[in-house]
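Colleague: For reference, the chains in residue letters:
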Amino acid sequence: MKKTLLVLMCFSLLLVFSCTQPKEAVEEEAPAENVVMEESAETQSTFSNEEHPIDQPLKLGFDMGFIPYHYFSESGEALGFGIEVSKEVAKRLGRPDIDIVDVNWSGIFSGMFAGQYEAILFSINITQERSEMMDFTEPFMASPQMLIAREADVAQYAAPNDLKGKKLAVSSGSVVDTWGIEASKKYDFEVVRYDKIDDAVMALLLKKIDVVGLNVSTADNFIKEKEGLGRAFTISMPADYALGYQAMGFATRKDDPFRYELEKVLEGMKMDGTLQKIMEPYFGKVSPEDYANIVFTGYGCPGIRAYEPEAFHKPIMP
Amino acid sequence: MTGFAENFFNTEVIARSSHLLFIGLITTFKLVILSVIIAMILGLLLAVLRNANRRWLNPIIIAYTDILRSCPIIVLLMLIYYALPFINIKLPAIGAAIFAISINGSAYYAEIFRSGIEAVSRGQHEASRSLGLSYIQTMINVILPQAFRIVLPPLTTNTLELIKGSAVASTVALSDLLRQAMQAQSMTMNATPLVVALIVYLILLIPLVQLIHYFEDKSKAEA
Amino acid sequence: MDIAGIGHYFFNLDIIGKSMNLLLSGLLVTLQVAFFVILIGFSTGLILALLTTVRMKYVGKTLKILIRIYVDVLRASPYLVLLSLVYFGLPFAGINFSTFWATVITFSACLSAFIEENIRAGIEAVDSGQTEASRSLGLSAFQTMFNVVLPQALRISIPTLTNRTVAITKALSMASAIALPDLLKQARHAQGIFANPSPLIAAAAIYILLFFPFVRLIMFLEKRWRYDH
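Residue numbers (my numbering), protein chains in the order written: chain A, 1 to 318; chain B, 319 to 541; chain C, 542 to 770.
If you anchor each label on the Cβ, the simulated ranges turn out as follows:
1) A:E308 x B:I517: 52 to 60 angstroms
2) B:E534 x A:E51: 52 to 60 angstroms
3) A:E151 x C:R609: 45 to 53 angstroms
4) A:D99 x B:M507: 26 to 34 angstroms
5) B:L449 x A:P57: 55 to 63 angstroms
6) C:A545 x A:E308: 20 to 28 angstroms
7) A:K254 x B:G413: 21 to 29 angstroms
8) B:E330 x A:S184: 36 to 44 angstroms
9) B:P410 x A:D55: 14 to 22 angstroms
10) C:I636 x B:P410: 31 to 39 angstroms
11) C:S584 x A:K254: 49 to 57 angstroms
12) A:Q156 x B:I517: 38 to 46 angstroms
Below are the DSS-like pairs computed for lysine-lysine, each with C-alpha atoms no more than 27 angstroms apart in a straight line:
13) A:K87 x A:K224
14) A:K314 x A:K254
15) A:K59 x B:K408
16) B:K536 x C:K605
17) A:K207 x A:K164
18) B:K408 x A:K87
19) A:K207 x A:K226
20) B:K348 x A:K59
21) A:K186 x C:K559
Note that these hints are calculated values from the structure, not bench results. Fair warning: this is a prediction, and the values are worked out from it, not measured in the lab. Backbone N, C-alpha and C fix where the C-beta goes; we use that ideal spot for every residue, glycine too.
Start from the sequences and build out the full structure, keeping to the hints where you can.
Modeller: Written as structure tokens, this is what we have:
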């Protein structure tokens, strides 16, 4: 089944031949040919410049505490789906390790622009608005958002209308926050913005607010880990692009050629099944329609700024 | 009553979070000690320069102290963490925190030292100059020791305020004591870590408060 | 990064314009909190100072010691730690404050500790001869305090009182860490939404404009006070 999927993906990638690389990137110039990419794919990136030195650990910004994507264990160890994927990405980029910079979500983008870290891999929902400020790779995972409430109250929250007069807590700067700005006026509720989603969930348990809006997988994890919480309803947000629902992607600074390398590595991880393998223990079996199983031609996310559909390239696979 | 102890003074929770809290304590120590030292040195320098009364330097120093004293420390910290890298000064979280707290503190120390220096009578200055000492030597050997003694009370108060303000570093995700305590609280669903953090700060700072009382009593006795 | 880049990222007038509404609503919250903190903090501090200095039969020694402990502990507690404890900790004891009131209570308490110390120092600095003279003139302890001692004490403490009050008002911006929608919080929120730090720069400018006159006022008051003595 997996092999068929792989072959299908190969064909969906159309012709695989390299084009001229961006100036500061890889030294080698791959020849332009039609080949089945598994054989001729690069095994490791050799990209290196001042901002992304290949001999240094890969510096990444994370809003730590976002279970199960990136969080610290009680002993201070960095764990999570995002951490594991990032380590694999670093390996394929030829970097010695990852260097985690823990930042509050509301400041995570500014930190990237300021050069405090090289990129943000998790956990960003691709939106048109955000793409005005940064460049995205293709999506790799769906991330619908939902509301959770205290177990006893779950029944009363079935739709946005039920939020009237209530307090919704969000992580400051998240997509739910953006949704909340308009929705709070429409449905007459208050949005309370915390720096960390942890604080928002704590406030929920302490009865300081009524519902918390966050990513579905994170929500399920909180429900599992902490007693007394339950799912309320999924938020339907307008999809920013033709594909239909919210998804995550990697982000770099605008016009940073590093994005191309990240995309090549991401595609490689999708195609050789590594991404799906890492996902499984956290999210269960990955369905064939999931973004993790779809490789998009060119660079970037379809429908979003900086999408380069014609830029055919080889993925990076060890 | 047992509920209270369980939620606020839970020894099991303390044991579980001790590792986290310890990291926080070390970070806070580093942050505080470095910030205070740098702020004092900088403040002293500025006060001495101000006293030298160079026409072109004064407005710059005045602008520096005015602006930095008008800006809340947390706002300054955000600016330094996100803005400075654009002129190629990339500081890690602890560097940004130390920088922000130091320059903010230095503005206050500068004013304190300045009033101390001015309080030392002009006669002292003139006398030492006539004895052949240079400006710098006068400063170091005659004026400053006296000025220091005069301003010891406000100096201590200000240092106390500086250390209290350092907890804002937790907002730029620096793993200081407060942040670690918040994380531990979130993990254990118990308020004990926060109580521990407060107690640690109290252990460190109440002696400083007592010192301030001592100075007050002394000045009262002298009056 | 070049000049154009800096302008786009830090002085992006378009984004600052879009976030102005947010920022001003934040400013309003900051001022509201400041109002209550100064009102409650000052009056509490004044009452505590009077309780500590007055020599009345029913104001026992234990009360004075308790007040002393209250003042010392609050003087030694970092604002943000206290705030987090009040907001996230007290619910475990069944006491649940909103961000607004948690902020007001914490900072009022801290301010009251400062005010108590300063007014007490001011009262004690007033020449005891004054007290003796008024009592011998037949004024009660109450009248002595309110008509003779306190006015002088307040006059002495005004520079330091203003200083402390301004310091506390500046520290209020820390409450953005517990989701108080004050100026700083709204600025950081706008920063997250627009993925651009310009609103933060605008907020810093507003803060500086707000506090600068007070910094000057304090310097003026201190100079005058120094001159008087």
